[in-house]
Amino acid sequence: MTDGWNIVVCVKQVPDADDVSIDPETGRLNRSDAEAVMNAPDYNAVEAALELRDEVGGTVTALSMGPPNADAVLRVAVGMGADDGVLLSDPAFGGSDTWPTSLALARGAEELDADVVFGGEETTDSSTGQVPPGIAAHNGWAQLTYVEGLEPRPDEGRLVAKRDVEGGYERVAAELPVVVAMGFGENDPRPAGLHRKIYAETDFEPETWTAEDLGVEDEVGLAVSPTQVGGMDTADPVPREQEVLEDTEELAEQIAEVV
Amino acid sequence: MAATSDSGVDIEEYDDVWVFVEQHDGEVASVTWELLSKGRDLADERGEDLVALVMGEDIDETDIPQQCIARGADRVLVADDPVFEPYRSDPYGEQFRHLVETRKPAVALIGGTHTGRDFAGRVAVPTHAGLTADCTELEMEDGRYEMRRPAFGGDALATIICPEHRPQMSTVRPGVFPAAEPDEDRDGEIEDVEVVVDESETMTEVLDREVGDVADITDADVVVAGGMGVEGDFEPLWELAEMLDGEVAATRDAVEEGWIEPARQVGQTGKTVRPKLYIAAGISGAIQHLEGMDDSETVIAINTDPNAPIFDNADYGIVGDLHEVVPELIEYFEEHEEAIPA
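Heads up: the protein sequence lines correspond to chains A and R, in order. The letter at position 187 of the first sequence is residue 187 when you use the UniProt record's numbering, and the numbering goes up by one with no holes. The letter at position 95 of the second sequence is residue 95 when you use the UniProt record's numbering, and the numbering goes up by one with no holes.
One or more of the hints may lead you astray.
[Claimed, not checked] Computed footprint of chain A on chain R; a stretch qualifies when at least three of its residues, placed anywhere within it, have a C-beta under 8 Å from a C-beta of chain A:
| id | segment |
| --- | --- |
| 1 | 41 to 49 |
| 2 | 107 to 120 |
[Said to hold, decoys possible] Negatives, chain R to chain A, calculated, CB over 10 Å:
| id | residue |
| --- | --- |
| 3 | E184 |
| 4 | V206 |
| 5 | E239 |
| 6 | W259 |
Rather than coming from a laboratory, the hints here were simulated on the basis of the structure. In this text, all values refer to a predicted model and were calculated from it rather than measured experimentally. We treat Cβ as the ideally placed atom computed from N, Cα and C, and that holds for glycine.
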């Protein structure tokens, strides 16, 4: 461990949540206009990965799975300061739910000989929060979720996390390798430095690995995904009175009516 | 350790509805009672048993298994060992995995708390189960089990099915299903199960755990919630909430500003509340927030912006600054004590 830790941070390209809408006529999702951006909680994951590298030494590699143009999120991470980036990209991954997705990322993390794997708390597009624990489960590694802060203990080969639990917090020490899901908004992600940003957008070329490179070609994609989307409905708005009152006393009377 | 891509699961071998009983230090999380109530309905529709699974230390000295029966369970499985206290994902996941593999439940429900969402994947991955996050509806439709969850900030409801894998696992949001009243006369079986986890195999150690008296906003009849319009001063909302015997809640933005603790956040990434009265003060009404409060019986909005979407989603509203309106409400209730519960 004298050379520091191999730190991997998983990032995902998602449609910008502010741009996604439902067509009220068809009930279908309008995501075509939505700009593709890095999942917001992943900024906290990248920041935590960079801070950890600052403390213990080593390298940060950004890892993503997606179509070829998802390399854009690796460039965001490299612009912020990640050392390298790897894209898992293969039509074979299409239709993967969280089970095969976390398998592919788990194999990628193994391939990178990861000591610590970071991810965001959840994604803004599917919000399952299942992928970081899934990576840990596939590899039989420890996990720390809803993390608020980290204390590395390189001499013990452990990482201590303060994690949010209902009604408080706990501090948990985990043996390496470990998967960390950073809580959304728990740190202040640094802006990309200008030189780093120019490098990320011009000279940097991520490696691309296929399902076959990872040895998972028969274990990913729609066919092996345990869950399937059986339909999508628009949520009906709850009917409300929508009455705007003129003075506080009337409002107070309405409140008194209910309580 | 290649994982198997088993499309050849014999789904006929799997039956019964399981509910994970979340307890910390002998305190059962209220979502557990909600899941036992919903699980009872599902088990009846499926013609199967409802099974509660409790893990912890010295569970026999508590009345948790009996309470599970009173709340609807036909059978209670108890895994009792010091390794299960306090909660850690690896021993919980490993014990649950073993029970799933040996007893083959068809459906497994877990609270969508930080605890439940932390370890559900550690069961679903090794058993190749289908796991659906954060469900808000669970239904049997023409013999098919359907899990529904909000998607895209609550604008849409996605139906998730799990045709060829078992169990069909869900994490379920606290507060979305009502808990049933306990029936002390119900009969059920309590069974101690073999503990397959050993401390020497765990990968984590809990160094300390600080859990205060944080209120459960999902349980409150009155919720007074603040957003960016609060501008850092929640004091009037605390005062009003106390008067109305309610709890204070907040939007994600207000939590991120550090004005209030995350346990009080309502919305897509926070909690779902279903109070009789929800007072939204200085909340614009972003879709992600509405998703967490839509089950409220009556919604009151206070906002300076007459075009704020919250007014379309409120029963009664007033256009005004909460820093004036809320103190006026407090004053009114001070003068009209008879109008509110003692």
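Taking the hints in turn, this is what the structure says about them:
1. 41 to 49: violated (count 0)
2. 107 to 120: Satisfied; 7 residues make the cut.
3. E184: Holds, since 28 Å exceeds 10 Å.
4. V206: With a cut-off of 10 Å, V206 (chain R) comes too close to chain A, as the shortest Cβ separation is near 5 Å.
5. E239: The claim stands: E239 (chain R) keeps its Cβ more than 10 Å from every Cβ of chain A (closest is about 14 Å).
6. W259: Non-interface label stands for W259 (chain R): nearest chain A Cβ at 13 Å, farther than 10 Å.
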